[in-house]
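Chemist: From just these sequences and the hints, can you work out the full model?
From first to last, the protein sequence lines are chains A and B. So for the first sequence, our numbering puts the first residue at 1; every next one is plus one. So for the second sequence, our numbering puts the first residue at 1001; every next one is plus one.
Hints are supplied without guarantee of correctness; some may be wrong.
Partial list, derived from the structure: chain A residues whose beta carbon lies under 10 Å from chain B [as the list claims (entries may be wrong)]:
{"no.": "1", "residue": "LYS6"}
{"no.": "2", "residue": "LYS31"}
{"no.": "3", "residue": "TYR33"}
{"no.": "4", "residue": "PRO36"}
{"no.": "5", "residue": "MET118"}
{"no.": "6", "residue": "ASN129"}
{"no.": "7", "residue": "VAL131"}
{"no.": "8", "residue": "PHE136"}
{"no.": "9", "residue": "GLN138"}
Since the hints were made in silico from the structure, they are not lab data. Every residue, glycine too, gets a C-beta built ideally from N, C-alpha and C.
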Amino acid sequence: MGRKTKINAEDGKQELLITREFDLPLGLLFKAYTEPGLVEQWMGTKVLKLESKKHGSYQFETTDTEGKVAFRANGVIHEFVSNRKITRTFEIENAPFGVQLEFLEFEQLTDNTSKLNMRTIYESAALRNQVLQLPFAQGINMAHDRLQDILNNPDSYREK
Amino acid sequence: METRRDVFQAIADPTRRAILTLVALQAMTPGAIADRFDSSRQTISKHIQILTECRLLKQEESGREIYYHLNPKKMKEVANFIEPFRKMWDDRFNKLETVMKQSMKNLAHKEK
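Modeler: Written out as structure tokens, the structure reads:
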């Protein structure tokens, strides 16, 4: 049952490969990447703009509960081959991660299943590793913050 | 109060996290590790000591040099640093699949 997402990140390289098989016909998988309303639903971000064509540009944005911008990313599409390939740049604004080059390849497996191979190239191996470990670091920070919180306010956690 | 050398305290420091990431890619000597940071050799040594005390780093002698390795068993307690990244994408792709399957259903209903 190999539907799990796989990450391939070789030591010292500045790229990584993300692969995943889907219980979806190829056309639907591709559509999920090209229609703004759909992208919003699964990426969990607002799509300010998405021109799904060669030389089109795109911009995503996430705001917090107070309407402040928490995340914004943009990029340009270099190659666009329907149901086959999207090549684009990807850049998170106001972040030290540089610009990424992404090669998204879409492949049919059977009538009802398909596969995505996403190859991302970073400006350096160090930047790739930073991006890779960010969720890990965030998770640790969250665990640590929670622990700190308990230590600073023992009364609120003590049984009454 | 005696400082407890537990894994989460060790990992709470950003420099120590950076050391772990370095050594995760390849075993390194203390000198090679210290070279990667602006801090003094002494400061880095202290960080390495903390990581070794809680068994996140293991020492191995090779000739006259000491090499530090990441201890995979201990790291598993804190989770593979790539796993949260993988899980983030896995969650997104699960959502993609759900959203698109729903759109298939909606289309089928409309055509009835």
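Chemist: Any of the earlier hints contradicted here, and which numbers?
Modeler: Per hint list: single violation, 4.
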